[in-house]
Amino acid sequence: MKFRDLVIPSLAALAVGAALTGCLVDLYGGDPQLQIQVDSHRWKLESEGLGDTLSPVWMVSFDPPVDGGAVTKVQNLPVAGNLNLFLRLSDTLGKDTVVRHLLDAGVGDFLKLDLVDDSVGTLRIR
Amino acid sequence: MFWTLLIGLAVSGSDPTSAWPQELEDFQRGLHAKALGYLDVGQIQTMEPNSTIGHPTLGQLDGFREYRRVLGAMLGPDSSSQVRLGLEGGWEGGGWTPDLYLSTPPDPNLFHASWSAGLCGSLVASKLFGMAGLHHTDAMDWSGPGGNRVLAPETDLWTVVRWNRAGLLAATDRRGLCTSRLSYLSDPSPLSRDAGWFFPQLEASADWERADWNRWNGNDEWAGTLRVPLLAQRISARVEAGSDGFRLAQVSSDIDPQGEVGMDLSWSVRHGEDLPGVRMRIPFLTFSVNDPDDVDEFAVRGSLVWSLRFRMTWEDSQTWYSPGRRPAPPGAKS
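Line by line, the protein sequences are chains V and W.
Just so it is clear: in the first sequence, position 126 is 126 by our numbering, and no numbers are missing.
Just so it is clear: in the second sequence, position 183 is 309 by our numbering, and no numbers are missing.
Because the hints were derived from the structure by calculation, they are not lab data.
Careful, some of the hints might be misleading.
[As the list claims (entries may be wrong)] Label-pair restraints from in silico Cβ distances:
no. : chain 1 : residue 1 : chain 2 : residue 2 : range
1   : W       : L352      : V       : Q35       : 39 to 49 Å
2   : W       : V196      : V       : R42       : 50 to 60 Å
3   : V       : D67       : W       : D299      : 29 to 39 Å
4   : V       : D96       : W       : M200      : 29 to 39 Å
5   : V       : L111      : W       : G344      : 44 to 54 Å
6   : W       : V365      : V       : A12       : 26 to 36 Å
7   : W       : W217      : V       : S61       : 54 to 64 Å
8   : W       : L328      : V       : D104      : 45 to 55 Å
[What the hints assert, rightly or not] A few chain V positions that, by computed beta-carbon distances, are all more than 10 Å from chain W:
no. : residue
9   : S61
10  : D63
11  : K73
12  : V74
13  : D117
[Said to hold, decoys possible] Part of the chain V face toward chain W, derived, beta carbon under 7 Å:
no. : residue
14  : G51
15  : G81
16  : N82
17  : L83
18  : N84
19  : V107
20  : L111
Think of the CB as a built atom: it goes at the ideal place given N, C-alpha and C, for glycine as much as any other residue.
Please construct the entire structure, taking both the sequences and the accompanying hints into account.
Given below as structure tokens:
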């Protein structure tokens, strides 16, 4: 088999590969999405992110912070999996805190988290 | 049906990226005194999400593995010259990617790159070919809740020699010898003209691999490989075993004498795990599950892998073939 004999089958193979890859991209399902509702009257949501808080791989800051009763915009997460989510919050006295949460975000999932105060005033994520 | 079979063969697992040792073997198998050059260009990717990929700060990721390679060796273009000199150069990169869009990952630490550069030359009359160079893998470092992790950069010197049917491969770094390989790869002359079903390309090799270069079990090991043609150039068998025991058995079928189009069936044992494998090869495209070569090169186990790949040794503008093959001599049965 000489090089020129391979041109047409090779182009056909490329077309098949491209079509197959395109189909798989359609099956992929897209990035997971996240929305957070703040139901705490004490805490405001300053930012959300993935990874290390000092050098996050992905982070969204809210300006102004998301108050109690409000929800964030739906955010497309850059990755799927069991992710280390962190939330940076500030209270009414201006004190900051960081809350970590293991987020099970599958490909194509839509996830909604609620931030609530429990009966003793501790922040909980549901 | 076929895709069901492929997916049914899949078991989960992944290995550290380890493409360079396999590429050195391909150099040694593919290049010889009459060769004018060698080219390996590819995009290799898993087709199923794999949740076994751990990230030090992000968590356990659902995603895909991918690998990219551009690597070539080119000797002087005068095919009538008895002394040829040339250059080798290559870049490889790969790791984890979040989707099938041929994208790069959001965290650059998930993409690991390396490069190589070398010189090569051949004495055609003496059937001697040699190549030597440098290979460097970039450092990786990141910080996370568990502390800082650093993967140090690595640099190794490597050499490949082929004289007549004998070959030598060696690589060394600051800690000493990384790997060495003595091989015998016959030229495509029949062992017996009368036995047309038993020729050509008998291939045997003995290897030593240091633990960090051993793709099979991570220990210092000796290994041996035997490749035997069973039916002219169309079907061949390959068996590999190490001081750790059986590693793989493979039957390859080729539609073309260049070894570019065909199907391979294999059974391998890696890290103590039985892996039945299959690989389909057509020009530019390959699909496989647990193929031992793909696992060696691209560290992808238990997942359907596709590659858009062009890999060849060529002797002139009309003569090219996959590494380890040679065109049969005129008049040979095939």
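Quiz prompt | Broken hints, by number | solution = 1, 3, 4, 5, 7, 20
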